[in-house]
Amino acid sequence: MASIIVAYGRLRNQLRDYERPAGELLTGPGLWLLFSGLGIWALIGETDAFVIGVVTGSVLALGAVGLTLIYGILKFAHFAHGDSMMLAAYLAFFVLTGTVVGERTDTQALPWTLSDLPGATEPILDFSFGYGLLIAMVIAAAVMAAVFIVLDRLVYRPLRQRGSGIVIFAIASLGIAIAMRSLILIFWASSPRFYVPGIRPTTDLPFDIRIVTDQIFIFSAALVLAVLMYLLLFRTKLGKAMRAMADNPELALVSGINTDRVIMWTWVVGGALVGIAGVMLALQAQLKPELGFILILPLFAATILGGIGSPQGAFVGAMIVGIAQEVAVTVGFLSPGYKFSVAFVILILILLLRPRGLFGAKT
Amino acid sequence: MTTVLEASQVVSGYGEVEILHGVSLRLERGEIVAIIGPNGAGKSTLMKAMFGLLKVKSGTVRLDGEDVTGAAPERIVRKGLCYVPQSENVFPSLSIQENLEMGAFTRTDGFRQRLDEVYELFPDLAQRPQLRAGKLSGGQRQMLALARALMLDPKVLLLDEPTASLAPKMVGDIFDKIRNINQSGVAILIVEQNAKEALSVGHRGYVLAMGHNRLEGTGQELLASEEVGKLYLGA
Chain A
0 MASIIVAYGR LRNQLRDYER PAGELLTGPG LWLLFSGLGI WALIGETDAF
50 VIGVVTGSVL ALGAVGLTLI YGILKFAHFA HGDSMMLAAY LAFFVLTGTV
100 VGERTDTQAL PWTLSDLPGA TEPILDFSFG YGLLIAMVIA AAVMAAVFIV
150 LDRLVYRPLR QRGSGIVIFA IASLGIAIAM RSLILIFWAS SPRFYVPGIR
200 PTTDLPFDIR IVTDQIFIFS AALVLAVLMY LLLFRTKLGK AMRAMADNPE
250 LALVSGINTD RVIMWTWVVG GALVGIAGVM LALQAQLKPE LGFILILPLF
300 AATILGGIGS PQGAFVGAMI VGIAQEVAVT VGFLSPGYKF SVAFVILILI
350 LLLRPRGLFG AKT
Chain B
0 MTTVLEASQV VSGYGEVEIL HGVSLRLERG EIVAIIGPNG AGKSTLMKAM
50 FGLLKVKSGT VRLDGEDVTG AAPERIVRKG LCYVPQSENV FPSLSIQENL
100 EMGAFTRTDG FRQRLDEVYE LFPDLAQRPQ LRAGKLSGGQ RQMLALARAL
150 MLDPKVLLLD EPTASLAPKM VGDIFDKIRN INQSGVAILI VEQNAKEALS
200 VGHRGYVLAM GHNRLEGTGQ ELLASEEVGK LYLGA
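Chains as they are written, first to last, in numbering that gives the first Met the number 0: chain A, 0 to 362; chain B, 0 to 234.
Derived from the structure by calculation, the hints contain no laboratory data.
Each residue gets a CB set at the ideal place from its N, CA and C atoms; glycine is no exception.
Mixed in with the good hints there might be a few duds.
Unchecked claim - Okay, the calculated beta carbon distance ranges per label pair:
#, chain 1, residue 1, chain 2, residue 2, range
1, B, 136, A, 205, 50 to 56 Å
2, B, 136, A, 145, 53 to 59 Å
3, A, 223, B, 14, 31 to 37 Å
4, B, 66, A, 31, 52 to 58 Å
5, A, 152, B, 71, 16 to 22 Å
6, B, 107, A, 123, 40 to 46 Å
7, A, 6, B, 163, 50 to 56 Å
8, A, 141, B, 110, 39 to 45 Å
9, A, 207, B, 106, 54 to 60 Å
10, A, 123, B, 110, 26 to 32 Å
Stated by the list, open to error - Okay, derived cross-link-like pairs now, DMTMM-like style, lysine to aspartate or glutamate, Cα gap no bigger than 20 Å in a straight line:
#, chain 1, residue 1, chain 2, residue 2
11, A, 236, B, 108
12, B, 78, A, 151
13, A, 74, B, 87
Same shape as in the complex, but just chain A (with noise of 0.2 Å):
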């Protein structure tokens, strides 16, 4: 009896070591092989759908890896990245056109502008725009992070040293996301504006596929921004030790790391990233005030889905929601304007199935 009490319990103890592993495997391998699994689905039986996916999950990772470094390094969920994607695209729209108020007959433009520059506009290969656009987003990258960097000793700094909690960085990033979104209106009221009017150029790609020659740039800037950030964080001394202090913020501290040098340093490469990515946004679909407020939801959850302070996640994550939205409006079961529920269907998904996302790190 005794034996068999024993054996009982043994058995018990074995079963309870397997019950994480399998549920690991169900979770991490699971997700991948589903994943994958309706990602060659999309790409043959949903091709352009598949491919302007890819196009929407480029402009999210560049928002999303900006994103998931914040909260790594900061560890607070910065709501404002959506509205200050798009002020960074009205910033780009104010260099490059002048225009201020132009709701009404009485716009306000500069005397002298980017697109004065001689052709600025003219367009670069088969795009719509002209090198002016090109100056003017790397104007809004470099504003943005100076925006970020006088934000951080204005707002988020004072919080830090008064060891404020998590939810009070988020309500503050929050106030800063109205604040951007109402100057916005404030300057360039709510009517939608393109960087260029006028139909876009297409490209045919083979397989049948067209699409908006922009929308060649917007992946490719994506890729070429992706692998930079992977040489910033995996090559540098900087990045390096921007990923040590997302592990043990005390033990970079400790090591004698500057940790509010990487702090800052983090926010111009956030700033740059937005200013980028709100460009693109832009240049994507339009200049519109309310469109970087809808955009927390997928950026989010791209970056949650990633695993959240993982840089590769948030590009991984990204891809998967821009590509699962699309998807899933041309199949036919959603109205596009309700495209963005599909984020939000992976972001609870993932909460109740893999919280730490695809890359995260096990606790």
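Position chain B against the provided structure of chain A, taking the given hints into account.
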């Protein structure tokens, strides 16, 4: 002998809660000094206060004769005092080599040479420099934590319970390493639960209780002391 690290009448704690009510100790060049005492005596708190992680309300901390009370950890590290926290003392998502690079963050030259020296001291780490630290076992992690703190070639090392929750065999290995490090000329201050081991490795020891100095003496004296035996060695 010259004093490399000295705390005098240090009062410190967490926020409003005062843990240390005026603790003093000194560490001579080339020494290993053990701090022992029951839980809550303030051993770890003392280390954090000396390293600038906690606010020192009164008293002074001197490193090589220079007042470093309340200095930022970054500055203290540059002056040659490195610290190994008790737990979470490696960067789990970074590789072994990246962990060591972070240990050498304030170093501007001679990184390669120092890396080779440290790898020589820890040959196990040199075998798989690209392995993520999160995949290491408890004992290997502790070795990496020691190695990280040595990257700046410090004069003084603070070790907070380096053998806590390690298998008995590993405990011996860690103490052997600590002896090796000390023989290479690094003064070591060590906080330990393993009082017997720590006192036999240490040249001198301090016994803390309730945030005060209780006893002080050479390792042998304290090991032989009836009071220490009764209180902390379970004799």
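Hint check results:
no.	hint	in the structure
1	B:136 x A:205: 50 to 56 Å	holds, 51 Å
2	B:136 x A:145: 53 to 59 Å	violated, 46 Å
3	A:223 x B:14: 31 to 37 Å	violated, 48 Å
4	B:66 x A:31: 52 to 58 Å	holds, 56 Å
5	A:152 x B:71: 16 to 22 Å	holds, 19 Å
6	B:107 x A:123: 40 to 46 Å	holds, 43 Å
7	A:6 x B:163: 50 to 56 Å	violated, 35 Å
8	A:141 x B:110: 39 to 45 Å	violated, 32 Å
9	A:207 x B:106: 54 to 60 Å	holds, 58 Å
10	A:123 x B:110: 26 to 32 Å	violated, 44 Å
11	A:236 x B:108	holds, 13 Å
12	B:78 x A:151	violated, 30 Å
13	A:74 x B:87	holds, 17 Å
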